[in-house]
Amino acid sequence: MKIKYCFYILLSLPLLTGLTNCQKPIDEPPEYTGPRITANTSIAALKQLHLLNNYEKIMDELIIEGIVVANDLTDNFYKSIVIQDSTAGITLRLDGYALFNVYPVGRKIFVKLKGLWMGDYAGMIQLGAGVDRSDPLSPQLLSIPQPLFERVIVKGPVKQLITSKRVTIQELADTLQSMLITLTQVEFAASDTGKPYADAINKQAVSHTLRTCGTGTVYLRTGGFARFASALTERGHGEITGIYSIFRTQKQLLLRDTSDVHLDGLRCTQAGPKQMFSENFSGQQTDSILQIKDGRNITETGDRYFMARTASGNTYAEITAFATREQSVINWLILPRIDLDFSSNEILRFQTKDGFDNGAVLQVLYSTNYDGGDAPWKARWNKLDAVIAKGSISGYAKDWINSGDISLHSIRGKVFIAFRYEGNDPPAQIGKLTTTFRIDNIQVFGN
Amino acid sequence: MTVFPAKMIDGSMIFYCGFYFERNMFMRYFIILSVTGFIFPGLRAAPVITDTIPSAYDSSLIQLLLSQESAESNAILMNEMDGTTTAVTFSPLYGEKDVFLQMAAFQFSAMRYRYRGYDAALSGAMINGLVFNDLQRGNPAWALWSGQTQWMRNNIDFTANRFQDNWLGNIGITSSTDMRVAAQRKQLQWGYGISNRTYTQRYHFSYAAETNRHGISWAIAANMRMAAEGYQTACEYQSAAYYIGIDKQFQKAGLLSFILFGSPQLYGKQAAVTAPVTALLGINYNPNWGYQGTMKRNAAIGSQHMPVAILSFEWNPDNASAWITSLGFVGGKRGDTGLDWYNAADPRPDYYRYQPAYQTDSILQWQVTDALLGDKNQQQVNWQQLYHINKNAWETIHGINGTNESETGNRAHYLLEQRMIETRRWLLSSHYRARINTQLHIATGFHFSYQRNRHYKTVYDLLGADFHVNWNQFAENDFPSDQQAIQFDIETPNRILRKGDRYGYDYLATIVNSDCWVQAEYVTKRIDYLLGFRFSKTTYNRTGFIRNGLFPLDSKGRSITQHFLNPLLKAGFTYKFHHKHMLLALFQLQSRAPFFDDVYIAPRMRNTIQENPLSEKMIHVEASYRLMLNKVKARISTYYTRTRDGMNVLTFYHDGYRNFVNYAIRHINRQFAGVEAAVLWEPGERWELTLSLAKEMHIYTSRQAVRVSLDNNDALLDRMEVYSKGFRIGGSPQQVAGTGIRYRTPNGFFIQLNAVLFDDLWIDINPLRRTYEALEGVPRGSEQWYKIIGQTKLPSVVLTNMFLGKGFSIRNVYNKKPLRFFCSAAVNNLTNQTNIITGGYEQLRFDQETKDPDRFPPKLFYGYGLNYTLSLSISF
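Sequences listed follow chains A and B, in order. Position 12 (the first sequence) corresponds to 12 in full-length UniProt numbering; numbering is contiguous. Position 754 (the second sequence) corresponds to 754 in full-length UniProt numbering; numbering is contiguous.
Just so you know, these hints were derived from the structure itself, not from any lab. This list has only true hints and no planted wrong ones.
Per the computed footprint, the stretches of chain B lying under chain A, defined by three or more beta-carbons under 8 Å from a beta-carbon of chain A, are:
#1 341-355
#2 368-379
#3 389-402
Ideal Cβ placement from N, Cα and C applies to all residues, glycine included.
Extracted from the complex, chain B is given alone in its bound form (with noise of 0.2 Å):
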């Protein structure tokens, strides 16, 4: 430890260097060397520079900051999304300037408030002029810089009223990030941070290099944050980020730049659990987990590594354009496990059979809530009983691959699978973008980019068995004496698995869009205008590796190819009454592809698709009120959109049949329509007051229309109506209002209050509930009736948050440079309110027989109670 001079600073600076040893998260006693303690006992002595951090650097600072809070608490639900089927999004948003936006991307984010209500798909997020929007879902691709917010900071939000000069994004916001070397700090920075979110640990380091001689600068970057348990009980985390980027300068105007980044992670998962449920085991219950020995061990785990690399060349023929190409790869794996099971008793602990409301004489209900509530075991996923069965589970299997070998040992009836998508994306761009004039802008260009998606599944672990044998328990059961239909590959039958052995599917989804657009801006004096045009074509097909016993003509072999050609057209002006005041107006048109999850209806298994798949048609039309004082910034906007012919495919356990089925939905249109409101006010130089308002109706307007089949039959079961107009769309709340008040110092001390409050949260409705079916033989207008298709409102929320932080520099004796350090805490839900339900969605169950909806009554997901960060970061 000798490296680190003393003298460093006057000698007057202690580090305190041990080994941290973190047992639980690297089994082999992976040793951080971690600077636990910084000790100034020579402050005074040293010389404070308090007034080196310019208050512009200071916002941009807590900016910073506040970003990356809110890329953790995404970060929180995107491990939670994990459990729910419904398409449940988010939103980072990393606002700029907009004090609305701000405020939706800092406060309402907690609440998974969500732009306007859109689906993530219907904003964009970009890194070096590329799209990385997942071609298969259409959600922004975020997991893939989790970790990165640091080297991230030079980001521009693109709401669709703005002209873009990168691409022409759809109605909702368009995030675009630099990441090249250029846009990077000179600096070194090390940060260190603790927390009781997912992490408990956070540390970071960065370095960009001045430009050489040669024109050639250099960054990189780490990041790390770890917890051997999370706030969520067994819920552990481990994430790095890594960033290298290089650029080349050339002297006739051009700058080649390549960067590399990646994001490893691997998480415990929480699971969302029913209102019974929590109010018997705690707020805090997970059912993912149970103790195998005395360790707590999750079953649902999640992993991913995509690492990306980027090479662009940026060429400025002059000072007014310039011309931007972007070669881009995507490749890497997730994975997630979970429990699979085969002719065994179902091993989630929170299984409705399991729970006391399931027993109908109130002595056993009461014995059973005593039997949970006295056994851990119980409560939690029983892995000593899991691993007794299969080692107790002695079997033959004969005719193993076809052939006459059998087979002799533990088969297993519990396993974990590890459900895997294997990414391999190519992605490229190149965009122009000119000032022809003062009043003329245009920019134009085009993207194309191809993606694989393999999906399979492998045995994780077999729990202490033998073997697994290829089979489907579902087909077992339908078709008992059929010898085919049982066979998940029937070109290899009865095969064994071991661990690591993909089994169940295998099926690839290539995806190809690409798109061209062009757009122009043109100021006047009084109104400027904006008019843009975009052509895209997605096409997809699959491909199946393995023949189906239930469908062996249909599962293996690439699919027809969907097409899908999908033009988007932007129109806007903006009214100047003033240059501090102004007013926006914006329309848009646009239709959007299906997304493959949308028309491929049991894609593991087999080709079928949607009868005629439609595009999504989408209208647009907003208008703002912008007022920009020196004290005062304000904006006043109000949005209508529809959109009409989406789709949905839902697959799930359906009691009716008894069996798995598929609803292919659509039909389904959807209006958006609110009102935004956002206030700024600075009284003086070191007072800040924000107020945002947000109220919105965002419902569906159709009959949707649902055809249902059987997961292991290819025949249409049904086709029905459901009775969805009106209700509104769950997972955003519709009404959020925000209000800040910060002070901060000349000398780099500042503090921020916030209060916000959600209402009009509402869960997203199980189609099941709303059919003629479901209500057959309900009297009309009856409690139950009622009870069964109305939507579940959860309670408004109020949450108070608190950020403090403080800056200061030290000169270097060294080298008379300044060394600055940062220091902040953000506290949230200063009230600690345990019981927050952020959402939830309904279960895709209805019991036809009684016709209660309280048998499987919504699974809900709880918001951290009082929760914090504290950090500190150096650089120079």
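Isolated chain A, as found in the complex (with noise of 0.2 Å):
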């Protein structure tokens, strides 16, 4: 008998052993490849078919498609999302939270549109589910339900390429309603300058007034929810992207993110923008080492200094690391200490000349731990994104390379601008960096 008990004892083993290896391995699904489906009309032709104040089922199989310009990331956008294709834009009512997560924008999506209602709400086309008449005098769109997501909205690729058209106040129009637009040339009214975007505490949405040197308005219109509501708008004067959305008759931009202002330019005032610093090398004299007054003008390595030159009656300061026969050649132009505390939408100009280029660096930095002392490379620097002239092989630029406006508004505090140049000049014949340079008009601007 003994052994028939091994044989059950052995035959309860790989039950109990069997239970140690009970975790599944969870087979992922693969990734979204894309919708087998096309268009058959474009937003702009749907919008056609609505007319103001009123309501219109879809009866026909239309598709439109389109790209997802705005959404819900930043609650600005409730329960909605914006689709634009290159006709026009238009939204959509969705009865969900997070779209973002199934709608990113960039996303191309196609919308089978039989069945859904477009209607307007103070003029901005609509695209719901229904109507809801429960108050007859002011009948209003009914969102898409969640549940009909799947079938209403089809997905497409990701990370599809947006464009925002470049437009001025004055160029708005209504076609470009629910369209991703970017306003240039513009800037917050005074009054509107340095104020949350919305009121975060009470829930309120608030509107801005943007203006193109005191012409035109538009207002930045800002939902008490979003996230960046509590943030301050800007100073300065520049563009500033979103969705074009109107009100009745009243223009307005809605905000997706405030990554999508770009206003640090200078303000239109009357009186002009006021000059903080400005050297056009005039009242130095010829072939003479440079001397800025509380500037300075100092060598790392190379024994070699920023000169005072003269072409054709202009003045300029030059650089060049020829003929020095030095492994390593970097010297610093330092303008004098610039406030920014009592300014706004600072402006960095100056303008450039290159000769002989063969690769030596010129480059514009500011810092504001520099202590003015004659070691400034102990101190941090920033670079500057600044156009510097180049690619003047043999002899010299004809004309001067504008620098472009760099924008000093991200700093504040006490500031010292620097050009550095980086050269060497090697006894060997080649890898010689020795190009020359020559900076001209440097002027600071600010509000």
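Build the complex from these two chains, which are given one at a time in their own frames, with help from the hints.
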């Protein structure tokens, strides 16, 4: 009998050991590859079907396609997404939260329109699933219920290229409704600068006025639930990107996020901008070492200095490593300290010209911790993005190159701006970096 | 397979041994060796011994099988219990000789009948003299021995009016089991069963050896139950049970025993579903699962393994006394998975906003209905969508762990969390019992138990994402610009979480409970007296391991320790009119310490407790009349129990405050009253008729006091009264009636039919709806008024069950020992009613705006339709 017992025990053993192995590896589904569907009408053509203050049920098998240009990522668009194609844009009312997960900006989607309703909210054309006429005086478009998303919307590929149309306030037209636009040459009205975008505490929407040098008006409207509601409006002038919207006759811009705001230029003012620094080297003695009042001209290595030179009656600064026979030539031309605390929208401008360019580098840097001493290289410097002349391999460039408007708007406090030259002139014939750079008309403006 | 000698029974027995694949069960193609068929072509040739099963053994076997059945249905209830937020409890009553308790255990349990409506914590579960009620919640720890019923047959149920020789129990039933080898039948048993309930197949094996000449005996046993998909959709089930025991009998009247057992298990869960959703998607609808590829994946998986080891020593100084000391240890983990999400739409398919009823427009209602019915992915968890979102969630997190480092990748918007409880528990008990003389019996002893439950959650599956961040989403909504508040752990802010990492909360509940007791029974010719006294002490505290950003001062470290002293006094007598009929009466007075979970308001976050926690006081009286004739056995009992100062904590999303709130409830008074009656009549050797009835009334008798605070904020929001007086205590049917008939033949065949009626089945009340605030603006006495405060009564149910079996023996020619076979079939719900509601709970939500209680209807559990178990066992 004993052997039989052993058999039974053996029989039961796998029953036990089996359980040690019971965690399942879970099979992950493959990534979504895209739909098999094509649009048969455009958004502009669809919107043609709409009569103002009316509600139309779409009875035909119409399909539009569009790229998502705005969603509820920052909660400024609540329960809606905005799509656009090359012709126009339209708002889709979707009754769900966290729509950005499924409809991220840049995703192409197809909307099967049959059975949907089109209506407008104070002129703003929207797509919904029905009409609530419980209050006959003001019927409301009903959002598309979440369980119907998959039926109505076919998801296409993500990360599609979006272009925002660049327009001025004067060029705004109704055809741009629900499209992503970039308003150029705008700034907030003076009384609306430095204010929160919306009332985050009471969750109230707020409109701020955008203008172009005193003309035209667009309201930047932000909801109280927007995540950036408590951020402050910019003081400068420039471009701002958002969704164009209307409320009756009022033109509105709805912001997706504050990263779409690029208002760091000089404001339009009647008195014009304030000049905070200017140097055109006209007071310098030609062919001598440059000396700027309260500024510095320092050699780090290579025994060279920025020199004052004159051509056609114009004096400018010049530096070159040519004929130094040094392994490394590094020079600093440091402007006097500029206090940015009492101004805004500061801009740096200058001009450069290169000669016999073979790769030496001229950089524009700023530092807030430089002490004004003899060793600027010990301070922390950050590079500014400027257009610097280059590419004049034989001889000198004919024209001065403008640096562009370099914004100092984001810098606070007392700042030093420096031109740093780095080149060399080794005895060997190859690997020389001896480009000559000329600098002139350095200006800093601010409001 | 040649090990099995064909000559075993005259060469007439052919075993078909097959390799059985359960692919979905164990992904590694675990091979289950199963004996799937027994063929007895030469049965007539073999000497069948028909009278070897004495009728006593037969009924105890039936008993055992029945208890196994009920243990399984309790496993189902336990399974479902996780889905509920209210304290739905169950009470597996291993009825012994009492007709009513037998009926309660084997027939009433299908509808969650609880003995006298008491919460499970008032019943006790003991093994080898140790009390195995979980100290944190008080419930008997049934899951520890799931599947072990085969070797737990030596079991006595002590009702409160009985002299209990190893403890002094509460007013419920104390079920005491002896699992030592000495209590095991010395045999080898092998069994196989199939079923359509939680499992589809069951195997068991047990062997207990005879005591050898050194006084050592040993036993081993194993059991296994499994289903790739049980009765409920996408509910897999894998459960094993093992048992090892060894006894050493000393010559000088001592018995040293050691047992080790455990029940590793893993199962998918069924969620409770509202009636409108069931009406739309069918009675078998389970929102917990969804298709991942072609596989049904369940998001709610429970798993547990907590082995138990007990060392006992019994010393018998003489025949009339015994001193038993036991030391036990329980250690292991329990985990429950569930969906968690961050900044994303609710992934639960039965979320109320996804239902047709949420739409106000009738056309949209119809469209949503159509969309739901037409797309399985919308009815169920849409795993594909969750993975898709997670794989396109590119984000950079800065300042990881408070450093300058950053992490870029796909941040999880959806993930599976696993809520873990890691338990370490030591138990020690010693008791002495003696018959001083023929009249006086005494028993006394003490218990000590120390339990540490560590609670935390881990990232179980990132669902295709690269990482998750340890942030508190709800704090993020409340304090959008507060960088500290959103940190679950401010000591390592912005922690990046990968699979298996702990996150969210991490705390330890340390609970110590000890008691000493004494009990005496004095027997005289007419009257027996029973007197008992118990004194217990409970202490506990919470230790937080992380410093939560919302409660930096109150979350980490050890809390103040709570102490409770609780006496119990029991006095009873039995008046014997005659030795065949008698009257029993009992009076019991006791208090009970509040449980950890009812005192700590938000233990996952902080150390805050209810103001002035109080022990619950109970007073209990009962009287019974018993009749024990040869052919008729009957009992009629009536009881009355009052409790006061109960406590409870509820945490839920409050639509009015738009946030998670904690309802710290106190001053819960209850009353349990009822009559139980049972008759058993044996008109002849072969027939047995039973009838059991209970008519009960379990109600709340006070207005409960609630202190409302936000989960994210310690400040008191509101104090309110819950107008709960007179409402029924839900969960257990308060009116039951069962009849049974059993026919048995001397040659080992029996058949039993039962019909059971359940009525007065109420759903427990949600305090939210019975407050002044909920009724503000609703005209008093209007239809809506009564709809809001009204309590839901579930439809009454009549169930019919059948149980039949046949036992026989074959003399084994090899050693002349009998080889006993037993096959049985249990078929429940013969009429195949699929829409039986076994219970449910009111959602802890109420729409304060519309005041419409139907917006969040109660969630319900449905019973099984026709269900069966077929089993076969062999022992020799």
